[in-house]
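Visitor: Sequence:
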Amino acid sequence: MNTEQDAGIRKSRGRPKTFDREAALDKALELFWRHGYEGTSLADLVEATGAKAPTLYAEFTNKEGMFRAAVDRYTEKFARQSEAALACPESCVASGIENYFRSTAACFTDGKKPGGCFFICTSSTLSADSSEVAEMLRDRHNNQEQHLLAFLQARQAAGELDPRTSVSALAAYLCCLLQGMSVRAREGATHAELDQLIDTLMLQWPVLSQPRG
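According to our numbering, the stretch in the sequence shown is residues 361 to 573, in order.
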């Protein structure tokens with residue numbers, strides 16, 4: 361080996377690796393999802409991402425900053441997939457709701473990541489010391505309900521739902537069902553088992569979507 365080749369090898373070995381932000385967030389997301397915010401330490405994140413602590417601090421400031429970025433990553437990768445199922449104008453209101461729930465059930469149980477909803481799983485393990493993180497997750501839960509509400513309001517305005525139907529109560533009910541599905545998936549429920557719950561929901565839909573009283 362000549363001197364020029366040897367110098368090239370030494371230079372290659374000494375070159376720092378490029379930090380892959382998205383890959384690091386994917387690993388951090390799974391770690392937070394599996395163990396919760398408080399159950400995940402910076403040392404765990406360093407080990408999972410392969411990045412050094414100063415690199416993570418420079419990119420995310422602290423563990424909370426990395427968790428907030430992981431929340432955004434989850435929304436980008438998974439939550440919007442289900443929301444897109446509502447956006448099809450060719451589907452009737454019932455089909456839109458069913459597509460949304462079927463897509464969500466598939467996400468909760470795909471086996472490639474921890475079961476259930478990331479927001480619900482992480483919020484359920486927080487203590488009072490993590491109030492700011494808890495508030496952020498509550499906002500995300502509210503966003504989910506508001507997204508469903510906006511869909512129902514639009515379809516009600518289009519005449520697909522009775523104008524006397526309380527779409528706010530219906531959106532709240534649907535979110536409670538999603539939370540229950542998340543808990544079941546976290547406990548090991550299969551995609552087929554969640555689909556059975558959705559079958560029941562759709563059988564009840566004609567009654568659920570009618571005015572009360």
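Honestly, the hints are just simulated from the structure, not real lab data.
This one's a predicted model, so the numbers in the text were calculated from it and none came from an experiment.
Don't take every hint at face value.
As a list, the in silico DSSO-like pairs of lysine-lysine whose alpha-carbon atoms are at most 30 Å apart [as the list claims (entries may be wrong)]:
| no. | residue 1 | residue 2 |
| --- | --- | --- |
| 1 | Lys-472 | Lys-437 |
| 2 | Lys-473 | Lys-387 |
| 3 | Lys-387 | Lys-412 |
| 4 | Lys-472 | Lys-423 |
| 5 | Lys-472 | Lys-387 |
| 6 | Lys-423 | Lys-412 |
| 7 | Lys-437 | Lys-412 |
| 8 | Lys-437 | Lys-423 |
| 9 | Lys-473 | Lys-412 |
| 10 | Lys-473 | Lys-437 |
| 11 | Lys-412 | Lys-472 |
| 12 | Lys-423 | Lys-387 |
| 13 | Lys-473 | Lys-423 |
Visitor: None of the hints should be skipped; say for each whether it holds.
Guide: Evaluated hints:
For a cut-off of 30 Å, the pair hint linking Lys-472 to Lys-437 stands: about 13 Å separates their Cα positions. For the suggested pair Lys-473 and Lys-387, the alpha carbons sit about 10 Å apart, so the restraint of at most 30 Å is met. Of the pairs offered as hints, the one joining Lys-387 and Lys-412 holds, with about 14 Å between alpha carbons and a cut-off of 30 Å not exceeded. The suggested pairing of Lys-472 with Lys-423 holds, with an alpha-carbon distance near 24 Å, which does not exceed 30 Å.
Annotation: proposed proximity of Lys-472 to Lys-387 holds, straight-line Cα distance about 12 Å (limit 30 Å). Using a Cα cut-off of 30 Å, the hinted pair Lys-423 and Lys-412 holds, with the two alpha carbons roughly 13 Å apart. Straight-line distance between C-alpha atoms of Lys-437 and Lys-412 comes to about 25 Å, which keeps the hinted pair within the 30 Å bound. Proximity of Lys-437 to Lys-423 is assessed by CA-CA distance (about 21 Å); at most 30 Å being required, the pair is judged to hold.
Using a Cα cut-off of 30 Å, the hinted pair Lys-473 and Lys-412 holds, with the two alpha carbons roughly 24 Å apart. At most 30 Å may separate the alpha-carbon atoms for a hinted pair to count; Lys-473 and Lys-437 meet this at roughly 12 Å. Only pairs whose Cα atoms come within 30 Å are accepted, and Lys-412 paired with Lys-472 is accepted, the gap being roughly 26 Å. At roughly 14 Å between alpha-carbon atoms, Lys-423 and Lys-387 fall within 30 Å of each other, so this suggested pair holds.
Proximity of Lys-473 to Lys-423 is assessed by CA-CA distance (about 21 Å); at most 30 Å being required, the pair is judged to hold.
Checked against the numbered hints listed earlier, the structure breaks none of them; every hint is satisfied.
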